[in-house]
Structures are given as structure tokens and as C-alpha cells.
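Join the two chains into one complex using the hints; note that each chain is given alone, in its own frame.
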Amino acid sequence: MKPFEDELHRALRRRDPPPGFASRVMARVEQQAAAKARFAWLWRLRTRLWSWGGEGSWKRSAALATAAAMLVLAVSVVAWRQHRLREEQRQGELARAQVMEALHVTSIKLHRVRTRVRNATKDGGQGSSEGRSSRAKPEAALDLASPILD
Amino acid sequence: MKRARGKVWGRGVSDGSREGEVLERAAAGDSSAFEEIVREHQSMVFSLACYFLHDAARAEEIAQEAFLRLFQNLDRIESPAHLVQWLRKVTWRCAIDESRKNSHQPSVSLEDAPEPAVEQKGGDLLADRSVRAMVASLPPRPRMMVILRYQEELELAEIAKVMGIPVNTVKSSLNRALGVLRNKLTRVLGDVMA
Numbered sequence: 001m002k003p004f005e006d007e008l009h010r011a012l013r014r015r016d017p018p019p020g021f022a023s024r025v026m027a028r029v030e031q032q033a034a035a036k037a038r039f040a041w042l043w044r045l046r047t048r049l050w051s052w053g054g055e056g057s058w059k060r061s062a063a064l065a066t067a068a069a070m071l072v073l074a075v076s077v078v079a080w081r082q083h084r085l086r087e088e089q090r091q092g093e094l095a096r097a098q099v100m101e102a103l104h105v106t107s108i109k110l111h112r113v114r115t116r117v118r119n120a121t122k123d124g125g126q127g128s129s130e131g132r133s134s135r136a137k138p139e140a141a142l143d144l145a146s147p148i149l150d
Numbered sequence: 001m002k003r004a005r006g007k008v009w010g011r012g013v014s015d016g017s018r019e020g021e022v023l024e025r026a027a028a029g030d031s032s033a034f035e036e037i038v039r040e041h042q043s044m045v046f047s048l049a050c051y052f053l054h055d056a057a058r059a060e061e062i063a064q065e066a067f068l069r070l071f072q073n074l075d076r077i078e079s080p081a082h083l084v085q086w087l088r089k090v091t092w093r094c095a096i097d098e099s100r101k102n103s104h105q106p107s108v109s110l111e112d113a114p115e116p117a118v119e120q121k122g123g124d125l126l127a128d129r130s131v132r133a134m135v136a137s138l139p140p141r142p143r144m145m146v147i148l149r150y151q152e153e154l155e156l157a158e159i160a161k162v163m164g165i166p167v168n169t170v171k172s173s174l175n176r177a178l179g180v181l182r183n184k185l186t187r188v189l190g191d192v193m194a
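Chains A and B supply the protein sequences, listed in that same order. If you read the first sequence in the working numbering, its first letter stands for residue 1, the second for the next number, and so on. If you read the second sequence in the working numbering, its first letter stands for residue 1, the second for the next number, and so on.
Incorrect hints may appear among the rest.
[What the hints assert, rightly or not] Here are the simulated DSS-like cross-link-like pairs (lysine-lysine), alpha carbons at most 25 angstroms apart as the crow flies:
| id | chain 1 | residue 1 | chain 2 | residue 2 |
| --- | --- | --- | --- | --- |
| 1 | B | Lys184 | B | Lys89 |
| 2 | A | Lys2 | B | Lys171 |
| 3 | A | Lys122 | A | Lys109 |
| 4 | B | Lys171 | B | Lys184 |
| 5 | A | Lys2 | B | Lys184 |
| 6 | B | Lys89 | B | Lys101 |
Don't read these hints as lab results, they were simulated from the structure. None of these values were measured; they are calculated from a predicted model.
So here's chain B without its partners, still in its complex pose (with noise of 0.2 angstroms):
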């Protein structure tokens, strides 16, 4: 379960210079570097969308612009770590870009974007939508965070980074949403939490 934090390409399960070496031919023109650019990112950029979102379908747009952003950009990325901070504030300034943009409702719920394969109990699978639709009712930025946090598994500097934003703020702003979440999570699940 646990990942690498954004130190390295992906999800840690492949060599520094190959990473490079193909970051290096994705800048050249090579469309098949790109697309497997694309393929080792897209769960990493398309979950900060969705759970940011809370929309499956609003988030692949946004997924997809990233990427092409990306493409426009490869010129200025220096290395496969770079490309992963790259890619995560890439996505948080579409992923709220559109939420200032479209505040209607969700027209395909998180909750129908595909699950991972993964064999979960009906309970858990039950507590995970809570969770998801909590942290999808905090104010954006701390929203970002907690994802940032739990989903990327990043430091609160690391967020700052993404964020653009001090990293007390980070401290204060994640606190309180967490304790907002804690709160909210014991009084629905609270024999999931005991």
C-alpha cells in the first residue's frame, strides 16, 4: 500500500535513468515515450481530479488537459521528478480552474468511476464513498490537501510546493480540515473508527 512520495518517477517501481531516458525522447518528438509518459501517470493525475472533482467525467478532462500541457511543456522539464511535482500543480491549477468555472452538480458521481482491483468488503467499500464525499465537501484548498497528503502521500512542504502557498498555511489549513473530517467520520462511522 505504501508508495514512494513524488522523489521519484511514478510510484517508485522503475530505474532513475530509464525515467530519464525516456523523458528525453518525449522531448524529442517520440510520440511512444509520450504515451508511456502518459500510461505511468494518468492514475496519479486522474485521482487528484476525480477525488478533487468528485466527478469521474470532469475529472478525465481535466486529466487530459494536464497532459497536454505537459506535452506543450516537455521542453522545460529537467527530470522525471520534476515532470511528477510538474504534473501534480499542473492538475491542481485546472482542477481549480474548473471548479471556479463549473459549479453545477456532478454529472458522473465519483462513485461510478471504475474501482481499483482490489477485493474489498462491502463495509469498507461503504466507508471509503463517506470518506471521499467528506473530504469532497471541504472548502478547495484544504481539499487539495488532505489529497496532496493521503493520496500522494506528501510532506507538508512538498504540498506548499504543489500549492504555491506557505507551508504554515499548509500546517494550519490541513489541521483544521482534518479535525473538521475526524469529527464528521466518528459520528458516521464510528465503529469503522473505533
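The shape of chain A in the complex, shown without the other chains (with noise of 0.2 angstroms):
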């Protein structure tokens, strides 16, 4: 053997770790195998998916592919149902909203219309002559009407 293979031989020999080193690694594998025991059922889950039918097999692919159409499936189904009730609780406040406005401007209506009756009646009550009250009919029938025409 040529010296400079020798020399290369020589100074890449194995060395051995520094003391302590096989411990710390099954210090290691220790923690390692505890978490893997907290989550152990997921692990059976991912291996029995890994070895179903053998690596690269068509079963495996279509069962992958199946879970994941599912899961997207089963994500669009919650994210639309919640647009659903998103839309649904929107038109409700908005149908509230139109009520409300409604009675709000019969209210101011019927105000109006109480008022003008009133007055109507006040000014009927104090005329003395009839020739006076027929043409103040007319007029009240007017003020009773505008309200509701404006």
C-alpha cells in the first residue's frame, strides 16, 4: 500500500466518542419513548396508514385520497352551514330593522292625524253659525287628509 493511503488510514481510524456517549443517547431514546407513549394511538393510526397494502400501493393512495376528500369535504360543510346562519341572522336584523322603521312612521303618522282630529273637533265645537261649520269642513277634511298624503 502506497504511504499516502497508509497515512490517510491512519489519521481516519475510528475514535471513540467522548465518555458518557452510548447514556446520553439512551437518555434520549428514554424521553423519546415516553412521548411516544402519550401519543401513542396516533402513532399506531400513522403506522397502520404506512403499511396498509405496502409502500407505493393504489389501496394506500385511494385511502389517502379518500381521507383527504373527506376532510375537505367535511371543512366546506361546517365553513357553509356557518355562512348559512352568517346570512340568515344578517336578513333577520335587517327584516327587524324595516319593522321597526314602519311602526315608527305609522306612530309618527297616527300622532299627526290624532292631532289634526283634535283640532278639527275643537274648531267645529266653538263655530256658532252652520253656514261657518260647512265651510270649515272642507278645509279640516284637507288638514285631516295631508298628513297622510305627505
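Here it is as C-alpha cells:
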């Protein structure tokens, strides 16, 4: 063997790791085993899925595709239901606001009508001659109609 | 000095059936059997990482990571020979990832790591350090090829298998790397090489 290769062999011979290396590895292994035990069910599921039908089999691919499709479908259904719920709430609030507005307008109109009726009754009671009251009637009628026609 | 070439468990000092039995016990969850595997292969894994990264502390991290991955994949290991091959492959992958991730200066130099318990002359130690520093200066792929060739004494096909590249690529890269090393070493250690 050439001196050059001898030199490489000698310089690159195996060397031992620092003392306690194996114990440190075992400590990490124990840690990992404990963590693995906590998530054993997930690990089993993963292993089962992974080993099902062998590497690269159509069964596993189909199962993964189906699982992905089901996940997408489930997420879509939940999202759609939430969207629909929000839309219904929005429409309900809109209808409620419209009803409230209509009631408000109606109450104003009724108030005006009542005021006019009261005024007209008062005017009719104070008039002495029949002719005067007959002249006042069309105006009162107009006054009564005006708030509704406004 | 000559070692078995990765066809058998570790350095070829133990008998095949016992190794298979230890592997089986470890795969069945026997932690003492796994510890035995770690002790058997720790110097191979640590040295691969250490010469590649030229940093003993990072090499220990990588070696621990390789054994942790082994623990996770024990059920996929078919035989003691497969185990050795698998460990070399994983160590290479971990080391190359580490060298890409951290390109900082070594925190603990290779020279501070414990030397093997073999008497050496001062001149030899100096020469070894120079050789290791030169190997560490090679680009990652040829560096690992040189380490696998001279530390593990692997054939070109075995190196190709570990690194997942064609044999011809290994042949050409290794020849080029050895040419560079030979020139450098001749310049630096001319009298030693003569």
C-alpha cells in the first residue's frame, strides 16, 4: 500500500466518542419512548395507514385521497353552514330594522292624525253659525288628509 | 489495523447469529439490547460525523440523532449488515444537513476530541492532524467519499450505495479528491510521504 494511503488510513481511523455517549443516547431514547407512549394511538394510526397495502400501493393512495377528500368536504360543509347562519342572522336583523322603521313612521302618522282630529273637533265646537261650520269642513278634511298624503 | 468491510456487524469481531438475536431483542423493545447496538457502532457513527464536520461537539449531536432515528426505525432493519449500511447512510444524511444548516466555525475542534488509546509519535500526531484538516477542507461529497473509503474501507459500489449516487460519480470524484489531497500532503508532509 502506498504511503499516502497508509497516512489516510491512519489519520482517519475510527475514534471513540466522548465518555458517556451511550448513556446520553439512551437517555434521549427513553425521553422519546415516553413521548411516543403519550401519543401511541396517533402513532398506531400512522403506522397502520403507512403499512397498509405496502409502499406505493394503490390501496394506500386511494385511502389517503379519500381521507383528504372527506376532510375537504367536512371543512366545506362546516364553512357553508356557518356562512348560511350568518346570512340568516343578517337578513333577520334587516327585516327587524325595517319593521321597526315602519312602526316608527306609522306612529308618527297616527300622532299627526290624532292631533289634526283633535284640532278639527275643537274648531267645530267653537263655531256658532252653521254656514261657518259648513265652510270649515272641507279645510278640516284637507288638514286630516294632508299628513297621510305627505 | 485492517477491519472487516461492513459486510458484518461492526468490526467483524462478533458472530452473526448473536448479532441477529441482539437486533431482534432491540426491535422487540429490549433497551439493554439497543444499548449494546449503540456501544457496538458508536465509534463508526461518531467518527464518520467527526471527520466530516471537523467538530467533535456537533459530531456527537449527529451521532445521537442517527441512533435516535435507528431506534424509531428498528422494525425496518432486516439484518446486522443492513443495520451497518443503514447507520452509515443516516449519518451521512444527518451530517450533510448539519453542514448545510450551520456553516459556522467549529466550537470544539476535532483535535480536542479523545484520541484512540494507541501510542503515537509526535510526528505522527502532527501528520494525522494535517491530513484530517485537509480532508475537512474538501467539498462535502468528496469528503464523505474519502472518509468512507479510508475509515470504513468501503468499495466504490458500497460508497455509491451509502451516498445514493452512481458508482462512476464516486470513482471520478474520489480520484479527483485524492489527487488534490496527494498534492497538498506532498507539499506539507513531503518527508513523511517519501
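Hint-by-hint comparison with the structure:
{"no.": "1", "hint": "Lys184/B - Lys89/B", "result": "violated (29 angstroms)"}
{"no.": "2", "hint": "Lys2/A - Lys171/B", "result": "holds (18 angstroms)"}
{"no.": "3", "hint": "Lys122/A - Lys109/A", "result": "holds (20 angstroms)"}
{"no.": "4", "hint": "Lys171/B - Lys184/B", "result": "holds (20 angstroms)"}
{"no.": "5", "hint": "Lys2/A - Lys184/B", "result": "holds (16 angstroms)"}
{"no.": "6", "hint": "Lys89/B - Lys101/B", "result": "holds (18 angstroms)"}
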